[in-house]
Amino acid sequence: MRRKIIRVGSSRGVLLPREVTRAMTWDFGSEIELNMNKEKKELTLSTIKVKIPDEYNTDMMNEIVEILNENADVLGGIDD
Amino acid sequence: MTNDQVQQVKILGFANWLLARKFGTEIGIRDTNAMENVVSLPGGGSLTCFLGEKLSNRRDLYTQLGWFVYYMISGEPFNSKNRSTTLLMLSWCLKYYQMDYDIEALRDFIRNMDPMKQGNSDISLWFSSNCH
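Protein sequences, first through last, are from chains A and W. Per the working numbering, residue 1 is the first one in the first sequence, and the count goes up by one each step. Per the working numbering, residue 81 is the first one in the second sequence, and the count goes up by one each step.
Incorrect hints may have been included.
List of simulated lysine to any residue pairs, SDA-like, C-alpha gap at most 20 Å [to be verified]: (1) Lys102/W with Glu31/A; (2) Lys90/W with Glu31/A; (3) Lys102/W with Asn62/A.
Facing chain W, a subset of chain A residues (Cβ under 7 Å, in silico) [unchecked claim]: (4) Gly29; (5) Leu45; (6) Ile48.
Worth flagging that the hints you see were computed from the coordinates, not collected in a lab. Ideal Cβ positions, reconstructed from N, Cα and C, are used throughout, including at glycine.
The whole structure should be built from the sequences, with the hints applied where relevant.
Pasting the structure below:
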């Protein structure tokens with residue numbers, strides 16, 4: 001995929017296409033990792049990997065996320 | 081707090097963090113004593129229904145949920161989204177116990193619940209009447 005470097009104020013920026021941000025689940029304010037390889041002239045963008053401590057029940061956490069996504073309208077209907 | 085109670089606080093904190101982030105409200109625990117009350121039961125017991133070890137009878141579950149809802153709503157341990165966090169965790173728990181319930185009726189109950197007028201036994205009764 002080719003992108004042009006654009007001017008953002010006095011800096012240089014690259015716009016990320018929507019399909020990329022969707023696939024990577026990046027949103028405004030998301031922090032990402034930049035890795036530069038000077039010799040190869042390569043720059044990679046990657047999601048910051050957070051290691052969840054072993055004592056967390058990740059299955060349960062995923063189930064909670066799933067319920068939140070399935071019922072966002074209902075859960076958002078409580079004004080507190 | 082016991083290790084189990086710390087685990088439950090972490091799970092509740094995670095649920096609250098998800099909701100606060102999704103709806104753009106303030107993240108974090110407001111009152112640590114209120115938080116400790118949520119994962120404690122009167123008489124030195126502790127909340128266990130969010131630990132993945134199934135309670136053997138429904139009456140114990142309804143009792144625990146009654147105390148959980150009462151302390152979450154009366155104590156407001158989080159900076160925001162206390163009622164929504166309550167509803168999200170109840171939804172997880174009722175699904176985990178494979179119980180039939182109407183999430184909109186549960187939402188209305190949680191939204192309108194007044195801890196000055198309704199105690200833990202009223203809440204337990206609501207669960208026993210509306211979740212099967």
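- Message: Checking hints one by one. Is Leu45/A an interface residue toward chain W, by the C-beta closer than 7 Å rule?
- Response: violated (22 Å)
- Task: Verify the proposed pairing of Lys90/W with Glu31/A, using a straight-line Cα cut of 20 Å.
- Result: Between Lys90/W and Glu31/A the Cα gap is close to 23 Å, so the pair fails against 20 Å, i.e. violated.
- Hold the hint about Ile48/A up to the distance rule: shortest CB distance to chain W must be less than 7 Å. Nearest chain W Cβ about 15 Å off; hint violated.
- Query: CA of Lys102/W to CA of Asn62/A, is that 20 Å or under?
  - Reply: Roughly 15 Å separates the two Cα atoms, so the pair holds.
- Quick one, is the Gly29/A hint okay against chain W at 7 Å, beta carbons? violated (10 Å)
- Message: Tell me if the straight-line CA distance from Lys102/W to Glu31/A falls inside 20 Å.
- Response: holds (16 Å)
The structure fails hints 2, 4, 5 and 6 (numbered hints given earlier, in ascending order).
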